[in-house]
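Please put together the full structure from these sequences, using the hints given.
Quick note, the sequences are listed as chains A and B, same order. Here the first sequence is numbered in our numbering, starting from 3 and rising by one per residue. Here the second sequence is numbered in our numbering, starting from 3 and rising by one per residue.
Hints listed in this document are in silico derivations from the structure and should not be mistaken for laboratory results. Keep in mind that a hint or two might mislead.
[Unchecked claim] Cut-off 25 Å, straight-line C-alpha distance, at most; resulting in silico cross-link-like pairs (SDA-like, lysine to any residue):
hint : chain 1 : residue 1 : chain 2 : residue 2
1    : B       : Lys180    : A       : Pro66
2    : A       : Lys180    : B       : Ser105
3    : B       : Lys164    : A       : Pro95
4    : A       : Lys86     : A       : Leu107
5    : A       : Lys86     : A       : Asn75
6    : A       : Lys142    : A       : Glu129
7    : A       : Lys86     : B       : Arg73
8    : A       : Lys70     : B       : Asp36
9    : B       : Lys180    : A       : Leu17
10   : B       : Lys86     : A       : Tyr170
11   : B       : Lys137    : B       : His23
[Stated by the list, open to error] Here are a few chain A residues that face chain B, going by a calculated C-beta distance under 7 Å:
hint : residue
12   : Phe43
13   : Tyr47
14   : Val49
15   : Pro66
16   : Thr97
17   : Thr98
18   : Gly99
19   : Ala101
20   : Tyr102
21   : Gly173
Heads up, the beta-carbon is just placed ideally off N, CA and C, and yes, glycines get one too.
Number of protein chains: 2
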Amino acid sequence: MVLMFSLQAIAQEDLKSTYSHYVDKQGNITLPQDYRRNWTFLGSYQVKSSNGKGWDTHNVYIQPEAVKAFRENGKFPDGAVLVKDVNSTQSEPLTTGLAYYSSDLQFTFMMVKDAEGRFPKNEAWAEGWGWALFKPGIAKSETENWKGSGLNNCFGCHLPAKNNDWVYTQGYQQVLQK
Amino acid sequence: MVLMFSLQAIAQEDLKSTYSHYVDKQGNITLPQDYRRNWTFLGSYQVKSSNGKGWDTHNVYIQPEAVKAFRENGKFPDGAVLVKDVNSTQSEPLTTGLAYYSSDLQFTFMMVKDAEGRFPKNEAWAEGWGWALFKPGIAKSETENWKGSGLNNCFGCHLPAKNNDWVYTQGYQQVLQK
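If you want it as structure tokens, here you go:
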């Protein structure tokens, strides 16, 4: 009982502490450490590479506590963080035929749910989310490249999901609908 | 400090307790609860469906503590559990082009690392692993369908990975090599 209580306390702390751990007072966004091991895998998409050659695999991660909240309320709670790795995709002939799997990380996107409109003057925050881009090995969002047209690059792909709080949840049903 | 200690205690307990929680005295294997939310996503493969139509997505999960051990020792520790969901794959035209994502669960495979040769008389245990198959919604392995030729169905696909402890780790490098 003591252990279970502690685990739950940690999980709840994780979600509530988004704005102390991953977002600073100016709204600058930092990538969480080791989210691939520690967080929940929400789902993946295979999409054509932007250069037209081959496929990219998008793997999306979220805090376990945010999954718990979504299952209860059907929406992403304040402080929910979605981390999306965009990976190159490799193929290899196996006994079952040609198999595809993620190889090199190209870059990482991150969305931080903000139900309170915390950063009205920061251009990386709009439509109820903070939006961030990271190159491999870089923990700080590339804010300089992000201003002005940067967010339009996000919205171009996410616009069809606007009425679904900007997230393509159709690929995440196995986790969100438990 | 107290919370961190407790979390680590839970994680270690998780790996050590494989043979009390997920495997009974006869070697019958039970599927863990809510592994998609609670465990680490190890990686995925897209392979041609066995009926030749479309693609299946194989999503593989493992205990967080087993990842920790693999990073330290380069091998799957005793008690490591790999859970593989075989999902149908759906496609949808999005603004970035045709996108693919997992839809219905077809069935789930599970491998349990046994470094001690615990069940020499149980046919579901061979080559250092226990092997199990589950249909959706069924937590007990289908042992009746598993005897005799059942394991050969596993080995047919896993044989090329025999010298790698039977696991295709090439698709899991982002997690295992941290």
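Here is how each hint holds up against the structure:
1. B:Lys180 / A:Pro66: holds (21 Å)
2. A:Lys180 / B:Ser105: Roughly 14 Å between the alpha carbons, so the hint for Lys180 of chain A and Ser105 of chain B holds.
3. B:Lys164 / A:Pro95: Answer holds: Lys164 of chain B to Pro95 of chain A is near 16 Å, not above 25 Å.
4. A:Lys86 / A:Leu107: Holds: Lys86 of chain A and Leu107 of chain A sit about 11 Å apart, inside 25 Å.
5. A:Lys86 / A:Asn75: Satisfied, since the Cα-Cα distance of roughly 23 Å is no more than 25 Å.
6. A:Lys142 / A:Glu129: holds (21 Å)
7. A:Lys86 / B:Arg73: With a Cα-Cα distance of about 23 Å, the restraint between Lys86 of chain A and Arg73 of chain B holds, given a limit of 25 Å.
8. A:Lys70 / B:Asp36: Holds: Lys70 of chain A and Asp36 of chain B sit about 11 Å apart, inside 25 Å.
9. B:Lys180 / A:Leu17: With a Cα-Cα distance of about 24 Å, the restraint between Lys180 of chain B and Leu17 of chain A holds, given a limit of 25 Å.
10. B:Lys86 / A:Tyr170: holds (23 Å)
11. B:Lys137 / B:His23: Roughly 20 Å between the alpha carbons, so the hint for Lys137 of chain B and His23 of chain B holds.
12. Phe43: Since the shortest Cβ distance to chain B is 3 Å, the answer is holds.
13. Tyr47: holds (5 Å)
14. Val49: holds (5 Å)
15. Pro66: holds (6 Å)
16. Thr97: At about 6 Å, which falls below the 7 Å cut-off, the nearest Cβ of chain B leaves the hint on Thr97 of chain A intact, so it holds.
17. Thr98: Holds, about 5 Å.
18. Gly99: holds (4 Å)
19. Ala101: Holds - the Cβ of Ala101 of chain A comes within 7 Å of chain B, reaching about 5 Å at its closest.
20. Tyr102: With a closest approach of 4 Å, the Tyr102 of chain A hint holds.
21. Gly173: holds (3 Å)
Hint compliance for this structure: no hint is broken.
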